[in-house]
Each structure stands twice: as C-alpha cells, then as structure tokens.
Amino acid sequence: MELAPYAVRAETSRGRLVPEPSSGTRGPFQRDRDRVIHSTAFRKLQYKTQVFVNHEGDFYRTRLTHSLEVAQIARAIARALRLDDDLTEALALAHDLGHPPFGHAGETGLNTALANFGGFDHNAQSLRVVTLLEARYAGFDGLNLTWETLEGLVKHNGPIAAPSGYVAAYDAIHPLDLHTFASAEAQVAALADDIAYHSHDLDDGLRANLFSLGDIEALPVVGACLTEVRAVYGPLPEPRMRHETIRRVLDRLIRDVVDESGRLLACMEPGSVEEVRHASQPVIAFSPAMAEANREIKAFLFTHMYRHWRVNRTSAKARKVTAALVTLFLEETNLLPDEWGPRAGAPNSAAAAETVRDYIAGMTDRYARDEFRRLTDLGVQG
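Residue numbers (the UniProt record's numbering): 1 to 382.
Check the hints yourself; a few may be wrong.
Unchecked claim - Computed list of lysine-lysine pairs in DSS-like fashion (alpha-carbon distance at most 27 Å, straight line):
(1) Lys320 with Lys298
(2) Lys298 with Lys317
(3) Lys320 with Lys44
(4) Lys317 with Lys44
By construction, these hints were calculated from the structure, which means they are not laboratory data.
When you get a sec, could you build the whole thing from the sequences and use the hints?
What follows is the structure, encoded as structure tokens:
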C-alpha cells in the first residue's frame, strides 16, 4: 500500500535513544510492536481488570483482550487512511502497559494514596514501563522504542502544555515535542481505544445482565443497529442478537472515523507528518453527530455499568486494597521484596513512593490480592 503524504514513514524515523543496527527482516515500527508483545508488562495485561475483576468470569474483557481489540480497530482505520499500520498497531498494543491492577478502581486507589507524592498517571507509567522498568536487554533499560512510538504513547490525547513527573524528566533527556499534536497514527490509536471501550463494554454489560437489550434501544446508533438486526433476522436467541447488534455498532463507529477523518484531511491537505503535528486541531475525529452519540453511550455505560451496585462493590474493595498496599509499603519499606527494597530507601520518602508506585502498578489483580493477604492475614505465610 502506498502511504499517504501525511503518514509517518519508517525510513525517516528519528530513531531510538540508544542507536541499534537495523533489522534485515523487520522495519523499526514492526520491531517496536514485537518488543511490546514480548514484554513482561504486556503479558501481565491478561490478568488485569478492564471492568470486571479477572476471577468474575472467563469471557469478560481484560486489559489484554481490550488491547488486542484496540489494535484490530486501529489497523483497520490506519489502512483505510493509508497510514503506517505497523506504528499504529504498536501504539494500540502499548497504550495500557502502565495500568495498575483492578482497572480504574486501582488507579483511583493509587492516585489517592500517593497524593502527597504526585499521585498516579497511567500514561506517565506507560512511559516508565517502556523506557525504564522493562529490564530485558543488556544494552539499555526499557524497550528502546523509536521516537515516533514514544511520541504517540505520550501525546495520543493531544499536546501536553505542562508535563509533570516522569514525562517532564524523560522529555529533558529525549525531547518528544510535547507542544505539538502526535502523528495521525497515534490519533487513530486513541480513537480506536474509545471505539473498543464502547462496543465491548456494551457487550460485557449485556453478558453480565447489568442491563438488557431493551435498555439500550433508545441509545443513538445502538438502537438503530438493534432495530436493523430485528428487521433482517426477526427473533433471535439473545447471544446472537447481542453479537449482531454490537458488530454493527463497531462497524458504524469505524466508518464514521474513516469518513470524517478523510474529510478533515482533504480540507487541510497536510503534505507531511510534520504538518499533522503542527495543525491547529486533530486530523482524526468522529463526526459531530457521532461524537454526540458517543457521549450518550458513555453516559449510559457510566450509570448502568461503571456505577452499577455490583461493580461498585468490587471497585470499593479494589480501591481499599490498593490504598492499603501503598500505606503498608510506604511506612515499612522493609516489607518490599529484595529486588525492590534497596530502591525504596527511607520510609515515607520520595524514593519510597516512586518504588511503591512502580511495584504496585506492575501487579496483576491476583498478585495484588495475594500480596494483601500475605501482609494482613496472620494465617497466610508471608
């Protein structure tokens, strides 16, 4: 496929922080993708919560299956717009590497418990994972990803006017042009994340009986898809009706992004990725009507799923477990395992907070639960 003028090109990549010989069989963004897939942090996503804690059911999405769905959606959009799909895929697969256990509940617990030490930001943590915490290669810390992948990972939600914490520190040694937009490839990965969320959370919410097909009939896009399925097939068993509806929702969201982004790009006529970065607005977007529909879908999911009493109970426990782990390790750094304890230094210090943040953010749901039991239950061996 011939890439569009505004696409990122592997042959003009700004390279890696630590120079490496090129591969004879893979381009630089393919290598980035492969390093993400083979990383420890990526494998851990299999046991990290999306909405439902892992043990609640084998068929609910996890961070890993979510990331794979984001990558599939992002590749489809990137190819339709003639973007570099290897870079897009690498970004889609890497975007959740910094998430802690227990989904957003764990993130809230970490952020609150570490408020005196800068809180917790999963985007900054993703950057830490790929530039520091993955200790696999002899020649460098992290994965030594290309500049374009790091830029997209940090700026996929737009320019960063006032970076803080690790993002600012890393930018000081390896500038990522934080004041500009990221590439169109990174913008595609960001919107693919939203599309995946809305479609699979509707699916999981229906599977879990948090709401019914009747409850979603009034939703924009979703209701029209449900009506279409009924008109084409008539009565269907609920699993088939659900799947046929959700796949249509997914298709319409993707088509809208492709059509609206194509219109924006045709109007702006960027001749290079640098013109995309310095544009006055994102070049990848939903149409205004679909953006409003997505807001309504998100509001429905917030009320009927993310704040459902069954999910609230699990979330409340997860926040308390995460916060308790922070407190225990901050106050007694000698409780940390050997590979972490020496980094922590004195209790309640900035070094201790950084170490505890990295340690807990890297836990799976199961490991966090087990660690909490080991630290709080006298009947469990430490």
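Structure-based check of all given hints:
no., hint, verdict
1, Lys320 with Lys298, "26 Å, holds"
2, Lys298 with Lys317, "24 Å, holds"
3, Lys320 with Lys44, "21 Å, holds"
4, Lys317 with Lys44, "21 Å, holds"
Taken one by one, the earlier hints all hold for this structure without exception.
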